[in-house]
Every structure is written in C-alpha cells, then in structure tokens.
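**Student:** Now for the letters of each chain:
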Amino acid sequence: MNAPAWLPAILADVMLAIAAFSIWRIAMAGVLRAPTDLAHDAAILLLALATAGMLVRWMHLLSPGAWAVLLAATGVWLAAHAVQTHRRPEEVGAVPGSPRGSLAAAAVCAIGVYMLLAGIAPSTINGSTAGYYTMAGMAGMSKDNTITYPALGVAFAVVLLGFAVAALDRLPRAPVETAPGDTGATRALAPRLFALSEVAIVVTMAYAILAKLV
Amino acid sequence: MTESTVSAPLSSTRTLSLRSLVGGEVAGGRRRTLQLVLAGFWLLDGVLQFQPAMFTKNFVQMMIYPTIAGNPAVVASPMNWVRTIIFNHPVGTNTAFACVQLALGLAIAYRPTVKLGLAASIPWAVAVWWFGEGLGGVLSGSADPISGAPGAVILYALLAVLLWPVDQSAAAPFEAARFVGVRAARALWLIMWASLVYFTFAGGHDAPGALAGQITATVDGQPAWLASIMNYAANLANGRDLAISVVLGVVLAGIAVSVYLPWVRVRRGFLVAALVFCAVIWVVVEAFGGVFLGMATDPNSGPLLALLAITYWPTTASSR
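Protein chains in written order, with the working numbering: chain A, 1 to 214; chain B, 1 to 320.
These are computed hints drawn from the structure, not numbers from a lab.
Quick caveat, the model's predicted, so the values are computed rather than measured.
Some hints here could point you the wrong way.
What the hints assert, rightly or not - With the C-beta cut set under 10 Å, the calculated list includes, among others, these residues of chain B facing chain A:
#, residue
1, Y110
2, R111
3, V272
4, L275
5, C278
6, F288
7, V291
8, L293
9, A296
Where is the CB? At the ideal position from N, CA and C, for every residue including glycine.
Modelling step: build the complete structure from the supplied sequences, incorporating the hints.
**Tutor:** Written out as structure tokens, the structure is:
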C-alpha cells in the first residue's frame with residue numbers, strides 16, 4: 001500500500017530543513033569559533049539527507065550503497081570519538097559532546113545502514129492507495145516492497161522511538177543562557193533546536209521502517 | 001512558586017486547570033522511567049497510525065467494523081456513526097488520529113507537559129476504547145484475556161492515572177499507590193485481573209479447539225520464525241482447552257488477590273507470574289500486536305499489562 005503523497009513529501013521537507021540547519025551549525029561553529037561536536041552535526045546532516053532519500057524519489061542524491069558506506073563511516077567515527085572521550089577526556093578538551101550522545105548517534109547511523117540495506121526506499125506504486133478499499137493480493141496495488149528482516153526493523157523502530165523519548169526527557173525547559181564571555185555562539189548554534197531535530201529524524205526513521213512492513 | 005507547591009500531588013491541590021497542567025517540576029527516578037515507557041507506547045501508536053494501510057478504507061472495515069457486532073444498541077449506534085465518518089473521510093480522520101497520539105507521546109516525554117499529556121490521554125483512550133475497540137468486547141461477550149481483554153487502549157488511561165506525577169518523597173508500598181492511594185490502587189488491580197478471570201470462563205473460550213483456532217487465526221502473514229512458534233503453541237494447546245482455561249483462571253485469580261497479601265516475596269512471585277503471562281500472550285496469541293502485518297494500531301495488551309504489573313512491584317522501602 002502507499003501513504004498519501006503529501007505525507008512522505010512533508011517529512012522529506014522537514015529532513016531537508018534539518019540538513020540545512022546542520023550546515024548552518026557547522027558554518028557558524030567555524031565563523032564564531034564555537035566549540036561544537038562536528039562529527040555529531042555531520043551525522044545529523046547525513047542522516048537527514050539519507051532519510052529524505054528513503055521517503056521520496058526527488059531526494060535520490062546517492063545510491064543506497066553509497067549512503068550506507070557514508071553512514072557506516074560516520075557511525076564508526078562517532079563510536080571511536082565516544083571511546084576516546086570516555087578514556088581520555090582531557091585530550092578531547094574543549095569539544096563538547098558526551099560519550100553517551102556520540103554512541104547514541106553512532107547507533108542511529110547503524111540503524112540507518114540497516115534501513116538502506118533492508119530496501120527501505122520510496123514507494124514503487126504509482127499513485128496512492130489512500131482513501132480506497134484495497135483487495136488483498138491485487139498485484140502492484142496493495143503490496144509494496146516488503147523490507148528485509150522485518151523483525152529487526154521493528155526492533156530498530158522501537159529503539160528509535162525510545163531514543164526520541166529519552167531525548168525529549170532531557171530537553172531543557174528554558175533557552176540556553178549565554179555564559180559570561182560567550183560571543184553569542186551558543187545561541188547561534190541553537191542546541192535545543194538541534195535536540196528537537198534529532199527527535200524529528202529518529203521518529204521519521206521509525207515511520208519509514210514501519211511504513212514498509214507490508 | 002515554592003518547591004513544595006510545585007511538587008505537591010494533584011490530590012492535595014484539588015484544582016485541575018489547563019494552566020496547572022503545564023510546567024512544574026517533574027521528579028526523575030523509577031516513576032519517570034515508567035512514564036517514559038508509556039510515552040514510548042503512545043509514540044509507537046502514533047507512528048503505527050501513519051502506516052499506509054491506515055489511510056485506506058480497509059482500516060475501518062477490518063479494524064473497527066468487526067468490533068461493533070454484539071454490542072448493545074446504546075454502544076453500537078455511536079460506533080456506527082463514527083465508523084461512517086471514518087469510512088467517508090479515511091485520510092483526514094486517520095491523520096488526526098495519528099497526530100493526536102503522536103502529540104500525546106511527545107507531551108508525556110517532555111517534562112513541562114507531562115501532566116497535560118497524561119490528562120489528555122485519558123479521554124482519548126476512553127473514546128478509542130469505545131468507538132475503536134467496542135469497549136474491548138466486554139459487553140459483546142467476545143472479550144478474551146489472552147487476546148487483548150479488556151482492550152489495550154483502556155490500559156493507557158489506567159496507567160495515566162496511576163503514573164500521575166507526584167512528590168517522590170511520598171511513601172508508598174508500590175509506585176501505583178503514590179497518587180491514588182494504596183486502597184484504590186489495590187482495588188483497581190483486583191478489578192482488572194478479576195475481570196480477566198471472568199473473561200477466561202465466559203464466552204466459550206474453553207470449548208474444544210477454541211484456543212488453537214484463536215492462535216492459528218492470526219498466523220497468516222507473520223514472519224516464519226513467529227509463525228512456527230505460534231503453530232507449535234497451537235498444536236500444544238489443541239485438545240487441552242479446558243485444562244488450560246482452568247489453570248489460567250487459577251493463576252489469574254492468584255495474581256488478582258496477590259496485592260492484598262502481606263508477604264512481599266509471594267507478591268513478587270505473582271507479579272513475575274503476571275509478567276510471564278503477558279510475555280506469553282503477547283508472543284503466542286497477540287503476535288506482537290500484529291505489527292508485522294502493517295495493520296497494527298498498538299502493541300496490544302501484553303506489554304501494557306506488563307507495565308501495569310511493574311507499577312505494582314514492591315518498592316525497596318516496603319520490602320524491608
């Protein structure tokens with residue numbers, strides 16, 4: 001079956017906006033020389049673009065294999081960064097980002113790799129089945145591309161939603177206060193919006209998995 | 001606002017306004033973890049409601065229509081009215097349903113809106129229980145404890161009440177008692193599990209082949225590993241329906257009265273039995289809520305009953 005066309009289109013637009021925001025953060029961190037976890041920002045950028053490509057055809061920038069390699073490399077980088085931060089925090093020094101946050105981002109990258117390899121892609125059905133009554137077994141009408149290893153997919157969707165819930169629970173109530181001597185870099189990087197972006201990405205990834213179960 | 005006012009339980013303030021539901025401090029700890037699990041369930045429901053099949057007329061014909069049959073007219077007539085609206089506007093209504101459930105999950109997960117989320121989830125769950133699940137088959141005679149009675153969604157409402165944010169310093173023998181009190185919490189547990197005992201023996205679920213037929217009815221379309229587990233269980237149950245019903249009824253009755261027992265270890269034993277019951281029915285009969293078929297609206301009653309059981313787990317203080 002196929003969702004209404006506007007649903008993946010809206011979600012892909014949100015993913016594009018998050019990708020643009022990540023680029024803004026990376027650029028502002030360079031301009032304002034603000035300490036930021038560039039690997040984490042890069043991971044969000046790649047995840048947003050890859051997820052958008054899994055939702056709509058017009059965001060097909062790279063092949064699934066190329067995206068998988070990119071996300072795998074980013075995930076390994078983040079995991080290594082997390083281990084380094086955990087073992088020698090003094091060497092990482094001014095670069096923010098907890099080992100736990102980097103590990104979580106690495107795990108999301110790994111789930112992204114699974115999604116790409118499991119065949120999660122824009123629907124091959126022309127037009128939407130939304131609003132209609134679809135009879136079972138109508139070839140090319142009611143059935144969509146079923147993902148590989150659905151049980152693993154469901155487990156990953158649950159993990160992603162758990163990540164979203166935990167991220168929201170940790171979200172600070174008030175906007176970040178500017179510390180003395182801060183040139184405004186902290187506000188320009190909008191950490192709360194960044195955290196919300198992560199929530200939006202993982203919920204969208206969970207949707208992309210569950211929408212392809214049948 | 002002083003700290004004592006912020007963290008005071010709702011029962012002590014006696015007022016419930018929209019303003020009082022937003023903001024305030026929410027303590028962490030075990031209770032918050034349970035709230036987050038509940039938020040996760042709502043979030044999962046919201047995302048499941050966005051599945052492609054939910055936007056088709058199959059949703060209302062296959063999910064809602066069958067639950068109307070057998071209900072008294074006073075229940076069935078409004079259900080028919082709602083069914084007609086959903087059937088005529090499947091895309092708009094389903095979008096609204098999914099957004100509401102997503103919003104409930106997000107609101108409970110975000111600390112300043114946890115009360116708003118929990119409060120809003122109660123009327124929503126009751127409405128879905130009636131119009132979407134036909135009161136879980138309680139009045140139609142189709143309710144069965146191993147396949148989701150008394151309706152998964154009503155458990156969300158119950159959990160929202162039991163997990164209402166309260167002062168963590170308030171002493172209670174288990175989490176569920178912190179807001180409603182020990183007496184009310186125990187009574188709710190007794191009613192819930194005693195109703196499952198009743199449903200075990202009502203409706204002819206102990207007839208020969210009934211249990212096996214119930215399991216095999218949901219096997220089609222499941223992944224091979226799950227289908228093999230379900231088929232094995234169906235073969236095991238075949239011809240033993242009466243014996244299984246009797247054993248199940250006795251165990252459920254024990255679970256129901258266990259909250260009144262003075263021995264913590266025995267209470268824990270029955271809670272473990274409840275958790276095992278939840279795990280078995282969730283896998284074997286409920287097939288993880290049918291999530292692999294692309295038509296699941298929630299994970300069904302298994303994990304929610306398990307979450308309920310955990311809220312009754314004796315606290316460290318009470319076990320001393």
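**Student:** Hint by hint, note whether the structure agrees.
**Tutor:** Results for each hint:
1. Y110: Nearest chain A Cβ about 5 Å off; hint holds.
2. R111: holds (7 Å)
3. V272: Hint violated; V272/B Cβ to chain A Cβ min 23 Å, cut 10 Å.
4. L275: Cβ of L275/B sits 18 Å from chain A, so the hint is violated.
5. C278: Constraint on C278/B not satisfied, violated at 16 Å.
6. F288: Result: holds, 7 Å to nearest chain A Cβ.
7. V291: Hint holds; V291/B Cβ to chain A Cβ min 6 Å, cut 10 Å.
8. L293: Result: holds, 6 Å to nearest chain A Cβ.
9. A296: holds (9 Å)
Checked against the numbered hints listed earlier, the structure breaks hints 3, 4 and 5; every other hint is satisfied.
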